[in-house]
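Trainee: Position one of the sequence shown corresponds to residue 43 (the numbering used here), numbered consecutively onward.
Think of the hints as simulated: they come from the structure by calculation, not from any bench. Computed from a prediction, not measured in an experiment: that's the story for all the values here. C-beta atoms are modelled at their ideal positions from N, C-alpha and C, and glycine is treated no differently. Keep in mind that the hints are not guaranteed to be accurate.
[To be verified] With beta-carbon atoms standing in for the labels, derived distance ranges:
{"no.": "1", "residue 1": "Arg143", "residue 2": "Leu60", "range": "52 to 62 angstroms"}
{"no.": "2", "residue 1": "Arg87", "residue 2": "Ala123", "range": "52 to 62 angstroms"}
{"no.": "3", "residue 1": "Met59", "residue 2": "Ile116", "range": "16 to 26 angstroms"}
{"no.": "4", "residue 1": "Ile57", "residue 2": "His170", "range": "34 to 44 angstroms"}
{"no.": "5", "residue 1": "Asp128", "residue 2": "Gln161", "range": "45 to 55 angstroms"}
{"no.": "6", "residue 1": "Ile116", "residue 2": "Asp85", "range": "40 to 50 angstroms"}
{"no.": "7", "residue 1": "Arg122", "residue 2": "Arg153", "range": "29 to 39 angstroms"}
{"no.": "8", "residue 1": "Ala148", "residue 2": "Arg74", "range": "19 to 29 angstroms"}
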Amino acid sequence: MFALLVVASLSLTGIDMLAREEAEARLDDAVRSYVVAVGAGLDARDLERAMSTRAIALHAIYERDRMRQIDLAIDIERLRATPAADPMELHRLEDELGALRAAREACLFRRTATELQQQRAIAAARRHAP
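All chains, full assembly: derive it from the sequences and hints.
Mentor: Quick look at the structure:
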């Protein structure tokens, strides 16, 4: 049963990565639309709400990624506590956890830089709005 959960987790990881990339793209599009509208002096309240909604959706995906990482770490600890644990399975899960951590950290680093640029663009558009 444990191996079945791991296989399901692996297949969801790819799907979740695509969902995260799609959510990031949607948020980026919403931010661009908002910046253009604000810069043109248009009423951007609806765009601001859309931007906020998409940011919430993206952060929910990030939280799900974080929880998956925690669950995998718990599974590893549980397996370590099992006297008859397969060392190859343990090693594979540890490698998977390391890869998840590295991918998550890289994603968050990249996203932080993107959001900083977006915040600057929004501030500039507000300063120069007619």
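Trainee: None of the hints should be skipped; say for each whether it holds.
Mentor: Hints and how they fare:
no. : hint                                   : verdict
1   : Arg143 with Leu60: 52 to 62 angstroms  : violated (20 angstroms)
2   : Arg87 with Ala123: 52 to 62 angstroms  : holds (54 angstroms)
3   : Met59 with Ile116: 16 to 26 angstroms  : holds (22 angstroms)
4   : Ile57 with His170: 34 to 44 angstroms  : holds (41 angstroms)
5   : Asp128 with Gln161: 45 to 55 angstroms : holds (48 angstroms)
6   : Ile116 with Asp85: 40 to 50 angstroms  : holds (48 angstroms)
7   : Arg122 with Arg153: 29 to 39 angstroms : holds (32 angstroms)
8   : Ala148 with Arg74: 19 to 29 angstroms  : holds (23 angstroms)
Checked against the numbered hints above, the structure violates only hint 1.
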